[in-house]
Amino acid sequence: MRTNGPLALIFHTIFVVAMLAPIVVVCLVAFTPEGYLSLPTTSFSLRWFRKIASYPEFVHAFWVSLGLGALSSLVALLFAVPAALAIARYSFRGRDAIAALFLSPLMIPHVVLGIAFLRFFTAIGMGGSFTGLLVAHVVVVFPFALRLTLAAATGMDRSVEMAAVSLGAGGWTLFRRVTLPLILPGVISGWALAFIQSFDDLTMTVFLATPGTETLPVRMFLYIQDNIDPLVTSVSASVIAITMTALILLDRFYGLDRVLAGKSDPGR
Amino acid sequence: QQKTLYVAGYGGSFEKTIRDEVIPGFEQSNGVKVEYVAGNSTDTLAKLQAQKGNQQIDVAIVDDGPMYQAIQLGFCGKIEGLPADLYEAARFKDDRAVGIGLVATGLMYNTKVFAEKGWAPPTSWNDLKDPKYQKQIVIPPINNTYGLHTLLMLARMNGGSEANVDTGFKIIKTDINSNVLAYEPSPGKMTELFQSGQAVLAVWGTGRVQSFANTGFPVDFVYPKEGAATLLTSACPITKPNASPLASAFIKMLLEPKTQLVLLKDYGYGPVLKSVVVPPELGKMAPIGERAAKLYTPDWVIINDKREEWTKRWNREVER
Amino acid sequence: MAATADTRDGRAPWALTAPALMLFVGVLVIPLAMTVMLSFHDWGQYKGIEPVFILKNWREIATDPYYAEMFWRTFRIALLTTLITAMFGAPEAYILNRMSGRWKSFFLLVILGPLLISVVARTLGWALLFGGNNGLVNKLLMSLGLIGSPLPFMFTETGMVIALAHVMMPFMVLSVWTALQRLDPQIENAALSLGAGSFTIIRRIVLPQIMPGVLSGAIIVFSLSASAFATPAIIGGRRLKVAATLAYDEFLNTLDWPLGAAVAVLLLVALVLIVVGSNALIERRYAEVFR
Amino acid sequence: MSFLELDRVAKQFGPQTVVDDFSLTVGKGEFVSFLGPSGCGKTTTLQMIAGFLDPSRGAIRLEGRDLTAMQPAKRGLGVVFQSYALFPHMTAAENVAFGLEMRRVPRAECRERVRAALEMVGLAGYEERYPRRMSGGQQQRVALARALVIRPSVLLLDEPLSNLDAKLREDMQIELRQIQRNLGTTTILVTHDQNEAMSLSDRIVVMNQGCIEQIGTPQETYERPASAFVSQFLGKTNDLAATIDLSATPRRLAAGSWSVPAPAGIAGPVTVSIRPERIGFGDAGIAAKIVTRIFQGNHWLFQCESECGPVIVIRQNDGQPQPAEGEAVRLAWRPEDMSLRGAGGVA
Amino acid sequence: MSFLELDRVAKQFGPQTVVDDFSLTVGKGEFVSFLGPSGCGKTTTLQMIAGFLDPSRGAIRLEGRDLTAMQPAKRGLGVVFQSYALFPHMTAAENVAFGLEMRRVPRAECRERVRAALEMVGLAGYEERYPRRMSGGQQQRVALARALVIRPSVLLLDEPLSNLDAKLREDMQIELRQIQRNLGTTTILVTHDQNEAMSLSDRIVVMNQGCIEQIGTPQETYERPASAFVSQFLGKTNDLAATIDLSATPRRLAAGSWSVPAPAGIAGPVTVSIRPERIGFGDAGIAAKIVTRIFQGNHWLFQCESECGPVIVIRQNDGQPQPAEGEAVRLAWRPEDMSLRGAGGVA
Ligand SMILES: Nc1ncnc2c1ncn2[C@@H]1O[C@H](COP(=O)(O)OP(=O)(O)OP(=O)(O)O)[C@@H](O)[C@H]1O
Ligand SMILES: Nc1ncnc2c1ncn2[C@@H]1O[C@H](COP(=O)(O)OP(=O)(O)OP(=O)(O)O)[C@@H](O)[C@H]1O
Ligand SMILES: CC(C)C[C@H](N)C(=O)O
Ligand SMILES: [Mg+2]
Ligand SMILES: [Mg+2]
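Top to bottom, those sequences are chains W, R, S, Z and C. My numbering applies: residue 1 is where the first sequence begins, and numbers increase by one. My numbering applies: residue 1 is where the second sequence begins, and numbers increase by one. My numbering applies: residue 1 is where the third sequence begins, and numbers increase by one. My numbering applies: residue 1 is where the fourth sequence begins, and numbers increase by one. My numbering applies: residue 1 is where the fifth sequence begins, and numbers increase by one.
Calculated directly from the structure, the hints in this document are not laboratory data. Some hints here could point you the wrong way.
Stated by the list, open to error - In silico PhoX-like links for lysine-lysine, alpha-carbon gap of 20 Å or less:
(1) R:LYS52 to S:LYS47
(2) C:LYS167 to Z:LYS236
(3) R:LYS312 to S:LYS56
(4) S:LYS47 to R:LYS312
(5) R:LYS135 to S:LYS47
(6) R:LYS78 to R:LYS52
(7) W:LYS51 to R:LYS16
(8) Z:LYS167 to C:LYS236
(9) S:LYS139 to R:LYS117
(10) R:LYS240 to S:LYS47
(11) R:LYS306 to S:LYS47
(12) R:LYS93 to S:LYS47
(13) S:LYS47 to R:LYS78
Just chain W, with the same shape it has in the complex (with noise of 0.2 Å):
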């Protein structure tokens, strides 16, 4: 197999430490003493990691925001995969238009989407509702899991389900054990991205949670209302400490390549 090569390597390194800088500076500002942002010069101080123990309801958005996000992923993949492969296989009339609805969460402002979900769930009595804010959470995370699932999809070879149908899988089988693994990176991907795009979203979401719905941005949007300090940058990195840590052990239990790569032998 051919290996990148020095130049590759070079690129490689400048592209991950710029993507990195930006939040190493904001992990390494939470270590700091003072009650501003400033980085560490002299010590360090975990106070700020400290702090987040005496807010309990940062805690609490931690989780609702993890589950909404795990929760709506899910749900958007259940409806984006058949939807991504009918797209990708079968040229029929309105495919490009059912294709354009599909993407147009992407397409706008979030502050729009938030008022308008907002006004429709209140005209129809679902006001307030953790319901509602899953319901748009799987609208807005769904172009994702379509696009990835589209990108896996296309061009896929055809002739491994022809085998498999032979064999006598049909329908669901045919979908687990054949179609879905061969394209199991880009579900992955496509999960994962929703995920993140729901744990993330802020605009949105300011407008549907409601006390006891209110997700980790929304917690931290409302706290820095009159101040901006390092509990923002401590929240930061716990969270990226807690993804770390989840992603370790999942590589050492599980095996991470098997989880993006697909279980399709390693090596090649």
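Using the hints provided, position chains R, S, Z and C with the ligands relative to the given structure of chain W.
Here is chains R, S, Z and C with the ligands on its own, set in the frame of chain W:
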């Protein structure tokens, strides 16, 4: 069945204060559950408009500017039985809302940077024109009350008035605009710009500056010699079918001297009741006593009439 | 070649899209239709929203060059962002794909990193790096004597594009990476044996085959950048408004929802046209890859 | 009994007709091969039988029932694809086990049958290997095992042995034949290898440009080709230009210096077809010179330039000295081994 | 002159050694074939020569220069992959033109050469077709045209004709041989087809389990196999158990009722190897019964059960009546056609 009262108000430390100091007592004495819906003034107002005719919120706490809009749009009900010793400035027409805290709009500056550079602390609105602050000033935009005050003050100092703010626009456009780093309404962003050293001078309110200074950051507030304008944090009960009488009760609780002192301590709000006695250590910045008396209170009747037009003009002339 | 017989194709795509279509019609189309309706309503400072049918807002947008300027900036920024993410993200995905298993997943996650922390904290990072005289990078560059005055970043269009490209990068990298999974490495070897250099292989052999992925990434990035609110608001500030911040302003500060709705609907329509148009163009250009 | 029936089947891709007017009846347990030049429509026909492509015209019936009405999964087919179509995300064993799992074969039996199938194709020990890590021939054998293990009632094989060496190929052929005999599996084999087709099939279908040229037993098609195409395509054939000399009595068929008594009913210029393995080197016959001599293991192939044009000759490698390149020889054959064609057809 | 040299090359995949101690010197313009069972490491070796895989040990030199130091693109190779590896997003013509474009061949010349190349492989008229819309054999031919059109100095062919019918295959073989002769192209061919290897190659490399078993001309490897493996792998061989009877004078080699004078230097139980095409039916010889008779076009294959075990016999299809299945026959061969192995090796 226990009833729920929805109170919409600012997030952050304000929310914390209300949750800790006001809500428990209120719930106990009224046998009701209070849900606090956090959001800044504009978010709350947008929610009111979106849920028009089907309001969830019972009490709204917003800045005075948005409050006038809310009243105009008919969202606010009448408050019965307001205390008598309310400052006149805290009253709204027909008692459709009431001020719960008094804030002065003036200048905030970074004391450490000023000291390092050997600059004298600002004293006047005219200091905003000083070219040495090139790209280091932050002013909230016009749809924020602080921005509106800046425009009004500059107009008044130069012979204008609420009815005629042309001079204000002209000065901002020609003399101040080049010094302005950003027209930033968000308090979080404002503090960030100071903390990262990008801004050193700003137009802001006493409440905000007080809590910023409380974090240990070297900033101070200046009442400009031409005068500072009054800004009110205000509350109103929301009109809705079978509105709860507890809405007014909740607002009145906010006006109790005990609550007023808490707001002063935690949030730098000047009390709106003449009768509240302020302990000296709490009143360093807040508009109290004599400072409160000297404040300039804009004429909102005229402003409201013109505001839409000014906003358009500001967007097209200043922020471009 | 279709796996299911041609005659049965008639119903299958509809059956597969039906659940998603129902979801969208149920909870997106109606609110969107309400928003479109809203854009034809009247609004006044005192009266609020009046449910009448007038063209006032649309006329205003059409005639006032202020809006044209905002939209022009919006699409300029979105296009630049898309180009940058494609130019850096696609090669990076390619490099990642050639790494060995463990490094591959590690760096993939590193690249997802920016999305894990909220916009607020992320842009804070940019401000600390580039903001004013105290920005780390600026300080470093100035002390090295490479630049005389700090590089302007905050409140500039450049800053907006860079910050947007930074957040959008994972979308591009992941999309391209997904498409790369399907590539047969022997095909690259074939090109190599025919005398193609690395660059030619990428341009002539790899790129056309991963076009579905690049297209997906570009569509996501372009749409998201054109409708992004937080990053332009925080980095660009109010003086560099884009369509989304404009709509935000009308919705939240002025409360003139009909005007805001008109701006949003226009943005949506423009984006749909651009995306569907370029999608069709690229699918036609690379028809063989998309079947 | 007609088990599988193709009735005037045709397939078009866009404007191009790729298979046309294809009618064939296959009996239960029969072994039929499709032979034909590359691109003549063999794979397309097979795919239609498998139900992966719909015929543009005509009908395909399995046990009298229209195929299109049956779910592909329900047809009980075993298919080997020309491109293998292995599941890339499954090991060899998992690939083979798949069809059994679909049939809910108990776990233990399944394991045993998979083991046996892999052993049969010579891949014992490769159970845990992923397709991408196997050689071309190994992949092909996994595909074969996968199709055979389910003991299908119909086997459709598209060049299933094309990447195997002669030895293994023969083993597999024997395996195939045995399975087909023991289980009564109806088998359709697409192959480019004539020996394979001839040694395995009950009947051979020779195709050309989407149409059937001839259907018959191996010996029929080889010895009594229905057309010039078939005779050229199956094995090698020498076509020599000759004339029937009417002036002589009895009439003589002559080519160069060589002449034999002519059969009746034909006159003028004719084409003489003769298989290369029927030509011997002798003292009489047409004069020729050996141009190249190619060693082919069990036989030698001679390309000769004769007075009647190029002629190829095959001689069994019986260990006797063979004529060298450049040597002048005489080529002879028995009159009954040649066939005559006049201007148009077969005589 | 050694043009291409492999010096004790080995390749490991993980713990598994797939090619080991492979040394070979190929002269300029030589035609060498790799023959060996499926999975023996042919593709792997070829890929190392092409530079797509790095040897785990050993060196590969092209014109004396280490291959790993040369850019793959600079090696002037033409490669045909076992899996074709066509560019799926390019038409047949674009696929073939690619290598020419890389060499900056002028547009008009390029077009002409592409046309000629496609015509040569019988694909004139398929210029605009995309690979996915072609049959297996057509794709393989595009791959071949793509490799040949650049007139490479080294051609590496991995089963380039496996999906072609016999006729086309022969045309292509002739093409290949001609190109190789005219341009002096050094060619390495991986094939599972012995006839192909024998008729094309100057030398054959017989591989087994990653190691070289024998290198030699086609006739050498067939007639004088270096090991039992080679003799079994190339063509068919009958191995009969026999004994050398020391009690008789002169010593005799006997199997069943058959016996001949024994050669010197060996004693006890031996294995007699004899090629099936060297066995004739006669009046004397060992007694056997014909079990199956398989028609193979230009020859017949008989599987017999003899008194010394199973024996296969190949007879040219000379048109004479052949023994039928079940018939009792006697099998005979010339003493010089058999080879003897004692307990261990080749005698
Ligand atoms: N990537 C890989 N990882 C591990 N083993 C491999 C890999 N590629 C090939 N092998 C193994 O190496 C051996 C040699 O493979 P190679 O492809 O060279 O065989 P081959 O001689 O070309 O066989 P065939 O005639 O079937 O194509 C095989 O046993 C195969 O399973
Ligand atoms: N999807 C398609 N679209 C258009 N033409 C096609 C398509 N698939 C095959 N063809 C054409 O149909 C003809 C028959 O193809 P088919 O695959 O049936 O040939 P085949 O007999 O299997 O040949 P081979 O022995 O080379 O595999 C070929 O000329 C091929 O180019
Ligand atoms: C992709 C998102 C993180 C973009 C974000 N909502 C913004 O406006 O910047
Ligand atoms: Mg085929
Ligand atoms: Mg191979």
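Structure-based check of all given hints:
no. : hint                 : verdict
1   : R:LYS52 to S:LYS47   : holds (13 Å)
2   : C:LYS167 to Z:LYS236 : holds (8 Å)
3   : R:LYS312 to S:LYS56  : holds (15 Å)
4   : S:LYS47 to R:LYS312  : holds (18 Å)
5   : R:LYS135 to S:LYS47  : violated (39 Å)
6   : R:LYS78 to R:LYS52   : holds (17 Å)
7   : W:LYS51 to R:LYS16   : holds (14 Å)
8   : Z:LYS167 to C:LYS236 : holds (8 Å)
9   : S:LYS139 to R:LYS117 : holds (18 Å)
10  : R:LYS240 to S:LYS47  : holds (18 Å)
11  : R:LYS306 to S:LYS47  : holds (15 Å)
12  : R:LYS93 to S:LYS47   : holds (18 Å)
13  : S:LYS47 to R:LYS78   : holds (19 Å)
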